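Here's the letter readout for the chains.
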Amino acid sequence: MTRSTIASFRAVSKHYGSHCALRDFNLELREGELLTLLGPSGCGKTTVLRLLAGLEIPDSGEIFLDGRTLAGVPPEARNVNTVFQSYALFPHLSVAENVAFGLRMKKLGSAEIRARTAEALRMVRLDGLGGHRPLQLSGGQQQRVALARALVNRPRVLLLDECLSALDYQLRREMQLELKGLQRQTGITFVFVTHDREEALSMSDRIAVMRTGRIEQLGPPRDIYERPANLFVAQFAGESNVLEATVTAITAPDSLIVELAGTPLTVRTDRRFRVGARLVLVLRPEDLHVHDDAAAEGGLAGHVLERTYRGVTLDTVIALDAGPRIKTSEFFREDTPALDHPPGQRVRVSWTPGWEIVLPHEPET
Amino acid sequence: MKNTARFEPGKGIAAAIPPGRLYGVLIYAFLYLPMAVLILGSFNASKYGIGWQGFTLDWYESLANDAEILTAARNSLAVAALSASLATVVGTLGAVGLHRYRFRGRKFLMGLLFVTLMSPDIVMAVSLLVLFIGLHLELGLFTLWLAHTGFCLPFVTLTVHARLQGFDNALVEAARDLGAGEWTAIRRVVLPLALPAIAAGWLMSFTLSLDDAVVSFFVTGPDFEVLPLRIYSMVRLGVKPEVNALASLLFAVSLSFVVLAQWLLHKDRH
Ligand SMILES: Nc1ncnc2c1ncn2[C@@H]1O[C@H](COP(=O)(O)OP(=O)(O)O)[C@@H](O)[C@H]1O
Ligand SMILES: [Mg+2]
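Going line by line, the protein sequences match chains A and E. So for the first sequence, the working numbering puts the first residue at 1; every next one is plus one. So for the second sequence, the working numbering puts the first residue at 1; every next one is plus one.
None of these hints come from the bench; they were simulated from the model. Everything numeric in this text was worked out from a predicted model, so none of it was measured. Mixed in with the good hints there might be a few duds.
[Stated by the list, open to error] Stretch by stretch, here's where chain A covers chain E in the computed footprint (C-beta under 8 Å, at least three residues):
#, region
1, 168-179
2, 189-202
[Unchecked claim] Cβ-Cβ distance ranges computed for the label pairs, FRET-style:
#, chain 1, residue 1, chain 2, residue 2, range
3, E, N65, A, R114, 57 to 65 Å
4, A, P40, E, L191, 32 to 40 Å
5, E, S119, A, G72, 42 to 50 Å
Each residue gets a CB set at the ideal place from its N, CA and C atoms; glycine is no exception.
Put together the whole structure using the sequences plus the hints.
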């Protein structure tokens with residue numbers, strides 16, 4: 001299913017003074033999707049939202065909403081609403097008045113305002129709290145008020161700026177599900193900003209991974225996690241063991257033999273490498289298996305440094321004979337004696353062929 | 001050692017109070033004793049203020065029957081209300097402007113506010129007098145209004161500006177985002193939030209105007225007398241008990257306005 005474009009950024013640049021926050025930024029938002037901007041703090045995520053909301057003006061390039069340019073359109077005239085990182089609830093108004101604010105601005109009739117406000121409060125499960133002041137509510141409740149205040153206007157695009165990061169872990173998980181549910185229920189396009197990769201992976205239809213004002217990769221969560229475009233995306237999308245290797249032979253169009261500190265390994269990749277080229281292997285901890293050295297062949301040899309019991313998984317740090325340390329994370333089952341490797345024990349680490357991520361070697365950034 | 005400050009008969013008060021505390025007591029006595037004497041004097045039946053000769057409200061009664069004083073009081077209240085109101089409107093708009101917009105010379109304008117705040121009354125009085133004469137303005141209510149608005153303005157602007165600095169700028173952005181134009185956002189969000197500071201600014205301006213003698217002396221004309229000047233001409237002939245009563249009333253008004261203003265400014269900081 002391809003959805004039509006609802007908004008787009010074309011070659012947008014934005015500077016703050018001499019500091020470049022976005023350079024030549026391009027992005028197409030699709031109707032009804034939940035797109036996440038994922039990236040470290042300061043990479044320009046908030047700037048993207050503010051540009052679309054009209055709270056900042058691009059230095060160059062153009063932004064379109066429903067096919068019309070937004071150049072010269074002030075924030076109040078854009079059919080876009082924002083859930084601010086600080087929530088920005090009006091402290092002098094009640095919860096219901098906060099939610100009704102946008103409808104008042106549209107000069108709707110008071111009966112309709114009352115009905116839609118009540119419906120929005122019900123949607124975020126705050127019915128009955130309409131008369132309270134925002135500061136009387138808990139953080140999670142304030143977050144819902146901010147959400148209701150934006151959603152009640154039925155915007156074309158809803159912008160959410162790290163709106164869950166102030167909540168504690170349990171509440172955040174709950175709100176993630178609720179947000180996703182609201183998004184499906186309303187069909188509104190959401191642009192969600194976060195620096196939390198689990199949040200991004202679990203909620204999004206598509207993720208744009210950003211670094212210093214550019215998109216490094218745009219795609220569905222699985223692509224981002226399993227087929228990262230580069231080492232930055234690989235490391236930002238999940239826990240990574242990064243091993244450097246050199247190509248020694250090309251055995252098939254998608255198969256290479258590489259040497260990792262003396263150990264030959266067969267790896268699969270769609271990328272083209274020359275013999276002698278340097279590359280990096282990225283191995284996800286949960287893809288790795290640990291075996292007793294005596295009982296196994298192949299893989300990488302090393303010894304156990306540390307074991308950490310984490311309930312669902314058993315994490316092991318292993319010092320490879322080749323030098324680097326790697327971390328494994330195995331699902332814990334009581335009846336699997338092979339999982340029990342005490343520190344100091346010689347082991348081998350293996351993985352399902354083809355599950356390694358092969359990336360060109362990049363100079364240090 | 002407990003109760004070092006306890007008064008012990010035969011040793012004298014000074015001996016019973018530790019030196020640090022004594023110092024504090026003396027300072028407060030120096031500041032408040034004259035006022036206490038003045039207020040007591042206003043209720044003292046003795047005409048010359050020597051010794052307590054019983055409680056009376058006579059002096060207040062004679063104030064109420066003194067046509068000149070009543071006129072001056074009405075004038076003072078009118079000037080104070082007008083000046084406080086104009087200074088509040090102009091000062092609030094100025095504060096919103098200084099807060100919302102970044103323009104060249106903004107820092108300089110802020111600096112100028114502090115300069116007017118700190119500049120000696122006499123300098124302001126003389127320069128305004130020169131200005132008013134140059135403009136051929138008749139000295140009286142109008143010139144007093146302008147002059148008092150002038151010295152109240154920085155108080156309002158700085159008070160309101162400080163309040164605006166204190167709240168999240170995202171609130172205005174949220175209002176814009178929800179469909180409010182620039183002016184509507186100011187009216188619906190900025191002004192209601194700044195209201196305690198605006199009210200405090202008005203109250204402080206009112207007391208400043210009511211108490212002012214120096215500027216008023218220069219910029220008013222012979223036909224428009226205000227209370228502080230009336231008091232001045234009364235005390236030139238010796239301090240009469242009516243003066244005590246009048247000054248006590250002024251003090252009461254000022255004190256309650258200042259307390260109210262401070263309460264407004266601090267009430268939502270828990
Ligand atoms: N108003 C501003 N003035 C100056 N620099 C800013 C301003 N807003 C953001 N920046 C800078 O622009 C960059 C991108 O900011 P932002 O979009 O807020 O990043 P993110 O939301 O990804 O953390 C950061 O380096 C930040 O310091
Ligand atoms: Mg941000």
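Hints, verified against the model:
no. : hint                       : result
1   : 168-179                    : holds (count 10)
2   : 189-202                    : holds (count 3)
3   : E:N65 - A:R114: 57 to 65 Å : holds, 59 Å
4   : A:P40 - E:L191: 32 to 40 Å : holds, 39 Å
5   : E:S119 - A:G72: 42 to 50 Å : holds, 45 Å
Checked against the numbered hints given earlier, the structure satisfies every one of them.
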